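Protein chains: 2
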Amino acid sequence: MRDVAVIGVGLTKFGELWDKSFRQLIAEAGSQAILDAKIEGKDINALYIGSMSSGRFVEQEHIGALVAEVSGFSHLHIPATRVEGACASGALAVREGYFSIASGLNDIVVVGGIEKMNDVGGSQATAILATAADQEWEAFFGATFPGIYAMIATRHMHEYGTTKEQLAHVAVKNHANGALNPYAQYQKPITLDTVMKSTMVASPLGLMDCSPVSDGAASIVLCAADKAKNYTDKPIKIIGSGQASDTLALHGRRDICTLDSTVHAAQQAYKQAQIGPKDISFAEVHDCFTIAEICAIEDLGFVEKGKGGSAIEQKITTLDGTLPVNTSGGLKAKGHPVGATGVAQIVELTMQLRNEAGKRQVKDARYGLAHNVGGSGATCVVHIMEAM
Amino acid sequence: MRDVAVIGVGLTKFGELWDKSFRQLIAEAGSQAILDAKIEGKDINALYIGSMSSGRFVEQEHIGALVAEVSGFSHLHIPATRVEGACASGALAVREGYFSIASGLNDIVVVGGIEKMNDVGGSQATAILATAADQEWEAFFGATFPGIYAMIATRHMHEYGTTKEQLAHVAVKNHANGALNPYAQYQKPITLDTVMKSTMVASPLGLMDCSPVSDGAASIVLCAADKAKNYTDKPIKIIGSGQASDTLALHGRRDICTLDSTVHAAQQAYKQAQIGPKDISFAEVHDCFTIAEICAIEDLGFVEKGKGGSAIEQKITTLDGTLPVNTSGGLKAKGHPVGATGVAQIVELTMQLRNEAGKRQVKDARYGLAHNVGGSGATCVVHIMEAM
Numbered sequence: 003m004r005d006v007a008v009i010g011v012g013l014t015k016f017g018e019l020w021d022k023s024f025r026q027l028i029a030e031a032g033s034q035a036i037l038d039a040k041i042e043g044k045d046i047n048a049l050y051i052g053s054m055s056s057g058r059f060v061e062q063e064h065i066g067a068l069v070a071e072v073s074g075f076s077h078l079h080i081p082a083t084r085v086e087g088a089c090a091s092g093a094l095a096v097r098e099g100y101f102s103i104a105s106g107l108n109d110i111v112v113v114g115g116i117e118k119m120n121d122v123g124g125s126q127a128t129a130i131l132a133t134a135a136d137q138e139w140e141a142f143f144g145a146t147f148p149g150i151y152a153m154i155a156t157r158h159m160h161e162y163g164t165t166k167e168q169l170a171h172v173a174v175k176n177h178a179n180g181a182l183n184p185y186a187q188y189q190k191p192i193t194l195d196t197v198m199k200s201t202m203v204a205s206p207l208g209l210m211d212c213s214p215v216s217d218g219a220a221s222i223v224l225c226a227a228d229k230a231k232n233y234t235d236k237p238i239k240i241i242g243s244g245q246a247s248d249t250l251a252l253h254g255r256r257d258i259c260t261l262d263s264t265v266h267a268a269q270q271a272y273k274q275a276q277i278g279p280k281d282i283s284f285a286e287v288h289d290c291f292t293i294a295e296i297c298a299i300e301d302l303g304f305v306e307k308g309k310g311g312s313a314i315e316q317k318i319t320t321l322d323g324t325l326p327v328n329t330s331g332g333l334k335a336k337g338h339p340v341g342a343t344g345v346a347q348i349v350e351l352t353m354q355l356r357n358e359a360g361k362r363q364v365k366d367a368r369y370g371l372a373h374n375v376g377g378s379g380a381t382c383v384v385h386i387m388e389a390m
Numbered sequence: 003m004r005d006v007a008v009i010g011v012g013l014t015k016f017g018e019l020w021d022k023s024f025r026q027l028i029a030e031a032g033s034q035a036i037l038d039a040k041i042e043g044k045d046i047n048a049l050y051i052g053s054m055s056s057g058r059f060v061e062q063e064h065i066g067a068l069v070a071e072v073s074g075f076s077h078l079h080i081p082a083t084r085v086e087g088a089c090a091s092g093a094l095a096v097r098e099g100y101f102s103i104a105s106g107l108n109d110i111v112v113v114g115g116i117e118k119m120n121d122v123g124g125s126q127a128t129a130i131l132a133t134a135a136d137q138e139w140e141a142f143f144g145a146t147f148p149g150i151y152a153m154i155a156t157r158h159m160h161e162y163g164t165t166k167e168q169l170a171h172v173a174v175k176n177h178a179n180g181a182l183n184p185y186a187q188y189q190k191p192i193t194l195d196t197v198m199k200s201t202m203v204a205s206p207l208g209l210m211d212c213s214p215v216s217d218g219a220a221s222i223v224l225c226a227a228d229k230a231k232n233y234t235d236k237p238i239k240i241i242g243s244g245q246a247s248d249t250l251a252l253h254g255r256r257d258i259c260t261l262d263s264t265v266h267a268a269q270q271a272y273k274q275a276q277i278g279p280k281d282i283s284f285a286e287v288h289d290c291f292t293i294a295e296i297c298a299i300e301d302l303g304f305v306e307k308g309k310g311g312s313a314i315e316q317k318i319t320t321l322d323g324t325l326p327v328n329t330s331g332g333l334k335a336k337g338h339p340v341g342a343t344g345v346a347q348i349v350e351l352t353m354q355l356r357n358e359a360g361k362r363q364v365k366d367a368r369y370g371l372a373h374n375v376g377g378s379g380a381t382c383v384v385h386i387m388e389a390m
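If you read the protein sequences in the order shown, they are chains L and V. Throughout, the numbering used here is defined as the position within the first sequence, counted from one, plus 2. Throughout, the numbering used here is defined as the position within the second sequence, counted from one, plus 2.
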């Protein structure tokens with residue numbers, strides 16, 4: 003397989019974007035990435051789009067072709083494919099675009115991720131998100147994701163002594179990082195007290211333990227690595243890509259505190275990159291709820307199982323810690339337009355590895371890791387990147 | 003890129019399957035394909051699933067992981083990815099599976115296609131299907147697919163003198179073929195008179211010009227060609243794959259009687275296969291409406307533009323004609339569970355090229371072509387196959 007690099011990135015601000023449509027958002031992120039890569043439409047061999055539920059959020063399926071059209075490429079008849087794996091849709095689109103170049107078929111591929119979630123009401127958004135859970139064994143009985151992750155948190159507390167304060171530290175850290183990111187939905191620091199006293203959603207998770215409902219889009223341009231330097235001085239190579247599945251419903255798992263899909267996807271990515279968790283300089287992980295970040299840093303091998311809570315408390319994962327996690331603000335503060343998230347993580351890795359992350363720049367970063375989860379872990383995708 | 007072959011196929015009966023669930027259907031098709039290929043779960047490197055709108059038809063997104071689970075593979079953590087491009091979702095899944103092997107990443111991949119459409123009411127099904135059209139420029143104003151294809155038919159009649167009788171001949175032929183296919187939704191021949199007098203849906207298209215609302219699933223097992231003979235004596239190779247896009251709405255097209263996405267996808271597939279339209283022995287084309295088959299045989303280069311209607315009337319495309327088209331019964335008589343259709347076309351090509359198509363077997367077939375369209379042509383995928 004050929005090596006593949008990112009040569010351009012684009013991002014919209016994440017948030018409640020009442021004045022921008024689905025079409026405007028994806029065109030904005032895509033055109034930014036294309037300008038950043040200094041390519042033209044005729045250079046693009048294919049488009050891949052990640053979106054979880056455009057059919058329910060904006061009543062529009064068939065968005066691959068739509069994205070090609072709103073980007074002004076209809077006359078070029080560029081193949082355009084939508085990929086879906088719930089909240090991991092973005093990373094799946096990255097992976098399909100990556101393999102289409104690695105195979106030798108394509109040289110340049112644009113990958114987009116998008117979700118426009120606020121055009122439906124809040125309770126409707128929660129119901130739509132629950133279509134990523136098992137409809138027959140979970141959603142039918144009233145379980146939605148806050149409740150599902152609350153069960154994981156409760157068990158993690160019971161097994162490992164993780165505390166509500168440790169969960170809260172995740173939110174505090176990610177809001178501190180989000181405050182340094184002009185694209186983040188929430189750009190103000192919060193205190194531990196704010197998180198601890200936030201309205202209870204599903205015990206032990208309060209409102210400030212939950213990522214928000216967001217609108218937004220992200221885009222990257224992928225290029226065969228041997229041609230990347232024709233377009234940019236700073237191509238960022240994908241050196242590892244892993245993907246794994248698990249049961250849709252939580253009750254089928256070996257252990258509800260471990261996302262085996264993360265463990266397996268990470269193993270694949272580390273093996274391909276020929277490095278281990280100790281080599282990672284910084285990571286974007288899937289913190290849809292604070293407990294999810296604690297599980298992630300354990301399952302990715304950064305800390306021992308059960309030690310995630312204390313690692314967060316010891317500030318190992320802050321911007322000036324030994325392993326900065328969610329420098330962008332993460333899903334928690336940057337926002338979580340679900341289909342966009344996996345692509346936005348690659349945008350953050352690229353900006354950090356280019357040394358263009360401004361106030362939130364990680365020093366001397368060599369290897370970045372992105373971890374994108376669908377549902378409560380039925381799908382996981384891990385990518386590892388390095389500057390060329 | 004490595005060569006790729008089909009080593010196993012599976013299909014459920016298509017129809018109004020009130021007694022089978024979404025989960026049962028995909029497990030049935032998948033297990034048939036796996037048994038046919040004589041492989042085990044541990045041999046499978048990845049799953050790809052095509053489905054247009056599981057989120058709206060059965061309120062379940064994230065079906066990649068679900069299919070892995072209901073197939074009994076959760077413990078293997080096999081990567082599972084859903085692909086969507088409206089009614090071309092099935093062929094897009096085939097294409098992603100194909101490239102994942104061609105790249106060298108995977109050796110064996112199972113591809114499934116599914117739609118369970120009857121669990122919602124008929125008018126709701128039409129509304130869901132319209133999410134494959136442009137929601138802002140078509141569906142919002144009340145246009146659904148029968149009306150959109152009726153516009154294509156009206157213009158084709160005006161430009162080329164195509165007649166309602168010629169449209170009706172498509173339905174008569176495809177029902178005659180469907181009568182020979184035990185998996186078809188409709189297994190009885192119909193007369194020209196029945197089609198001509200059927201209830202008007204959108205002039206000039208009557209009920210018998212339209213493909214039905216269907217439940218069903220299809221599955222194939224893809225294998226690196228150099229390993230295919232370890233599993234079967236009759237591997238069927240994919241020798242060409244093409245994909246192209248166009249505007250989502252009809253009004254943006256250069257010519258509404260020509261699907262440029264078909265023209266471009268076919269050019270790619272012919273070029274890769276190093277053959278031309280005259281070499282094709284038989285084809286499965288996307289006859290969601292009778293007019294669509296007429297456009298398809300023109301745009302695929304089988305007949306000159308405007309001559310599709312007379313070619314059908316001259317019985318060139320019947321089972322004993324010079325170029326049999328839709329030997330399975332096509333979408334019209336076999337049924338059209340949208341996400342399954344593109345995979346089911348590959349199943350039919352494989353059965354014909356294995357010489358296992360029973361009463362509808364094409365004699366001395368060498369090259370088979372499958373043509374799968376999303377919406378009114380915003381997405382098109384063409385595959386060409388040959389026995390190894």
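For the record, the hints were derived by calculation from the structure and aren't laboratory data. Any given hint might turn out to be false.
When chains are identical, the list treats them as one kind, so a pair holds in a single copy or across two.
With a cut-off of at most 27 Å between alpha-carbon atoms, the simulated DSS-like pairs for lysine-lysine come out as follows [to be verified]:
#1 280 / 40
#2 317 / 44
#3 166 / 361
#4 231 / 40
#5 365 / 273
#6 44 / 361
#7 22 / 273
#8 44 / 273
Being a predicted model, the structure only gives us computed values, none of them experimental.
Comparing the hints with the structure gives:
1. When the C-alpha separation of residue 280 and residue 40 is checked against a cutoff of 27 Å, the pair qualifies neither within a copy, at 35 Å, nor between copies, at 42 Å.
2. For the identical chains of this complex, residue 317 and residue 44 are neighbours neither inside a copy (47 Å) nor across copies (41 Å), given an alpha-carbon limit of 27 Å.
3. For a Cα distance limit of 27 Å, the shortest separation of residue 166 from residue 361 qualifies neither inside one copy, at 29 Å, nor across copies, at 68 Å.
4. Taking identical chains as interchangeable, the C-alpha atoms of residue 231 and residue 40 lie at most 27 Å apart only when both belong to the same chain, with a minimum of 12 Å there against 46 Å between chains.
5. Proximity of residue 365 to residue 273 under the C-alpha cut-off of 27 Å is restricted to the intra-copy arrangement: shortest distance 25 Å within a copy versus 50 Å between copies.
6. For a Cα distance limit of 27 Å, the shortest separation of residue 44 from residue 361 qualifies neither inside one copy, at 36 Å, nor across copies, at 47 Å.
7. In this assembly of identical chains, residue 22 and residue 273 lie within 27 Å of each other by CA distance neither inside one copy nor across copies; the values are 42 Å within and 42 Å between.
8. In this homomeric assembly, residue 44 and residue 273 come within 27 Å of each other (Cα to Cα) only across copies, at 20 Å, whereas the closest approach inside a single copy is 35 Å.
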